[in-house]
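Engineer: What follows is each chain in one-letter form.
Number of protein chains: 2
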Amino acid sequence: MTATPVSSNTEPLDFDSLVLLLEQVFLRHGTSADVARTLALNCAGAERDGAHSHGVFRIPGYVSTLKSGWVNGQAVPVVEDVASGFVRVDAANGFAQPALAAARPLLVEKARSAGIAVLAIRNSHHFAALWPDVEPFAYDGLVALSVVNSMTCVVPHGADRPLFGTNPIAFAAPRADGEPIVFDLATSAIAHGDVQIAARKGERLSPGMGVDSLGQPTQDPKAILEGGALLPFGGHKGSALSMMVELLAAALTGGNFSFEFDWSNHPGAKTPWTGQLLIVIDPSKAAGQSFAERSQELVRQMHGVGLKRLPGDRRHHQRAKSAAEGIRLEPEVLANLRELAGF
Amino acid sequence: MTATPVSSNTEPLDFDSLVLLLEQVFLRHGTSADVARTLALNCAGAERDGAHSHGVFRIPGYVSTLKSGWVNGQAVPVVEDVASGFVRVDAANGFAQPALAAARPLLVEKARSAGIAVLAIRNSHHFAALWPDVEPFAYDGLVALSVVNSMTCVVPHGADRPLFGTNPIAFAAPRADGEPIVFDLATSAIAHGDVQIAARKGERLSPGMGVDSLGQPTQDPKAILEGGALLPFGGHKGSALSMMVELLAAALTGGNFSFEFDWSNHPGAKTPWTGQLLIVIDPSKAAGQSFAERSQELVRQMHGVGLKRLPGDRRHHQRAKSAAEGIRLEPEVLANLRELAGF
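Those protein sequence lines, which keep their order, are chains A and B.
The first sequence runs 1 to 343 under this note's numbering.
The second sequence runs 1001 to 1343 under this note's numbering.
Keep in mind the hints are simulated off the structure, nothing from the lab.
Remember, it's a predicted structure, so these values are computed and weren't measured experimentally.
Accuracy of the hints is not assured; some may be wrong.
Taking lysine to any residue and the SDA-like style, the derived pairs with C-alpha atoms no more than 25 Å apart in a straight line are [to be verified]:
no., chain 1, residue 1, chain 2, residue 2
1, B, 1308, A, 157
2, A, 222, B, 1305
3, B, 1308, A, 216
4, B, 1222, A, 305
5, A, 308, B, 1217
6, A, 308, B, 1214
7, A, 308, B, 1211
8, B, 1308, A, 214
9, B, 1308, A, 270
10, A, 308, B, 1208
11, A, 308, B, 1160
12, B, 1308, A, 292
13, B, 1308, A, 236
14, B, 1308, A, 260
15, A, 308, B, 1215
16, B, 1308, A, 235
17, B, 1308, A, 158
18, A, 270, B, 1160
19, B, 1308, A, 305
20, B, 1308, A, 308
21, A, 270, B, 1305
Just chain A, with the same shape it has in the complex:
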C-alpha cells in the first residue's frame, strides 16, 4: 500500500461486495468460513463507517499474521457457562470476534435474566476496532462495556519504559429517538493504527502522543513505531484506566497481559494474543423512566449546551453516506485486496 491520497476517481464498492471480497481474502489465507465471514463483516463495517485505521488498512496485517502461523484461523471457540452472570470463552488461539459471536446468545440470555452478565474471552487475538463489539447490544436495548488489552507500546505514567497496550474502552447504550450512544477510546494518547497512518502519510503528530527509542518526547510517528512508545491519554488518569484494562481483559479472563506473549518466532505476526472482557447490563431492571428515554434526555441536554456532535455521530453519518454512495477505496488498495483474494 502506497501513500497515494484518496482521489475522486476511486471506484465505489457496495458494502456486500466489500464483505465478499474480504471474506475471500480471509478464506484464501487459511481461515474457516465462519471466521472469514465474521472478520470480513467487522472490517468492512469499520471501512464503511469511516474508521479507516481499523478498516481495510488492517488486511495486510491479518494476512501476514495468518501466514506466520501465529493465529489459528480455523479455531473453534469453546464457550463455558460458569455462573448465572458469568460466561467464559477459550478462543483457542483464534480471533476474538468469532469467540464473542459464539458466546453472544448465552451472554444476552444471562444479562436479561440476571440483570448483568460478564463475558471473559481468553486466548484470543483482537486486531479490530472495539466499538463493533458493543454497538449491537445497544440495538438490542442493552448497555455494554468492553475492554481489550493489546501489546506493550504504552509507557505507564511515572514509568520510563513501555508496558501497557493501547487498551481501548468501548461503551454502547440505547436511546429512544436515535442511533445508540457509542464510543471507543484508546487509553493511549493516540491509537496505534493512527500512528501507522500518520507515518504512511509522512505527517507529524501533536505533542504528548509518544516518545522515541530513548524515551524522549517526539512528534515523529516513525520514531514512535521504530523502538519508541506511546503515552497514555490524560496523564496519570488515562494510565490508571489502562492498568484497569490489563486487569479486566487479561487477569480476569485468563488471557495474556500485553507484555506476556512472545511472537518473535512468528515474523509477520501483528495480532496481540491477549483477552477481552465484556459487561452487559439490562437497563429494563433499573428503577424509574425507561433508560432509552433517559439517555435521549441526556443527548438533548448535551446539544442544549452547544455540543454539535455526539460520540458516534461521525460514524453514523459516514455509514449513511457509504450506503448511498458506496465505499471508496484507493485504486492501489482495491487492486491489492483483489490480488490477495485471488480475483
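Since the structure of chain A is already known, use the hints to place chain B on it.
Structural biologist: What follows is chain B alone, placed relative to chain A:
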C-alpha cells in the same frame, strides 16, 4: 475555616477519636446513629489517608446541607432484590454510603453466586471520596468498579456551557502480596474539592483545568467557583467517560442527572442529589491462575519499567503514618469541629 498553613504544633488525634468527634457532629445536626457512624468512618478515613479534599474539609458542607433540609439524615434505605445479579436501593433522599452499607451483604452474595452483580443506588447524596466505596470489596477478594455523578460544573468537550458533574470512576482489585490496587479519578481535569482548596489557599491552577463565567480559560480557582466551570480531563476521551458516568449512575439507577436537581430553595445545600452504580465481579470465576497472583505480577512488571508509586500507594503510606503518629488537624479546624460537636 481560615487559610492558616498546617504547622508542627497541631494536635494529633487517633483515628477512633476523630471518628467519635465526627459522629457527634453528624448526630448533633440531625442524622440517625447509623448514618452518623457511616459518614464519620468515611470522612475520618479520608482524612487519615491524606485525602484532604474529602476529609474533615467536607464537614462544614455536610452541616450546612443538613441544616438546609436538603438531605434526610434519618433516611432508611430500601433495598430491592431485582434479579440474580441486580440490586437496587432507594436511598430515600439520604446519603449514598448508608445505602451501600444496607445493600452490601446482598450485593456480595449475588456477586459470588452469579460471578458479577450490579448495585444501582438512586435518590442519594454522595459528598465523599469514591475509593472508600470500592476498596473494601478488594479486601474481600472481589473486583469492584463504581461511578457517581454529581452536579453540573463540567463543560462537555465541544460544548460551550457546563452540564456534567465531576463524575468520578473508582476501581479496586485484590493482589496477592500487598494492599489492593485502588484508584479514584474525577473525569474532570481537577476535582471540585481541590479547586476549593486552591481557592482557600490563594493558589493558581495549572492550565486546562477550567473556564471562567464567560467560558474563557482561567487558572484562577475563584473564577471557576464563581460562575465558571471545569473541563473534562483528556479532552474528548475524558468527556466521553463523564457522559458514560451520567448514563450509568443516573439513567441506569433512576437517579437524577447532574443537571436535574434544583437546590435553590435550600440555601447551604452542597450535596449532589443523584445516583451511584457499583459493579462487583468475583474473580474466582475466571480461568487460569488466581486473579490476585496475576494482579501481583502486573504490579511487579509496573515496578520493573520504572514506576515508583502505584495508584493508592500514597494513601496506604499516609494511613500507616497516621496509625503511628495520629492525625494532625489545623488547630482552627479542630476547634471548629469541637464547636460543631458541642464538645
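Engineer: Next, verify each hint and record whether it holds.
Structural biologist: Hint-by-hint comparison with the structure:
| no. | hint | result |
| --- | --- | --- |
| 1 | B:1308 / A:157 | holds, 10 Å |
| 2 | A:222 / B:1305 | holds, 23 Å |
| 3 | B:1308 / A:216 | holds, 19 Å |
| 4 | B:1222 / A:305 | holds, 23 Å |
| 5 | A:308 / B:1217 | holds, 20 Å |
| 6 | A:308 / B:1214 | holds, 19 Å |
| 7 | A:308 / B:1211 | holds, 19 Å |
| 8 | B:1308 / A:214 | holds, 19 Å |
| 9 | B:1308 / A:270 | violated, 31 Å |
| 10 | A:308 / B:1208 | holds, 21 Å |
| 11 | A:308 / B:1160 | holds, 10 Å |
| 12 | B:1308 / A:292 | violated, 44 Å |
| 13 | B:1308 / A:236 | holds, 13 Å |
| 14 | B:1308 / A:260 | holds, 21 Å |
| 15 | A:308 / B:1215 | holds, 17 Å |
| 16 | B:1308 / A:235 | holds, 15 Å |
| 17 | B:1308 / A:158 | holds, 7 Å |
| 18 | A:270 / B:1160 | violated, 41 Å |
| 19 | B:1308 / A:305 | violated, 41 Å |
| 20 | B:1308 / A:308 | violated, 42 Å |
| 21 | A:270 / B:1305 | holds, 23 Å |
Taken one by one, the earlier hints fail for this structure at numbers 9, 12, 18, 19, 20, listed in ascending order.
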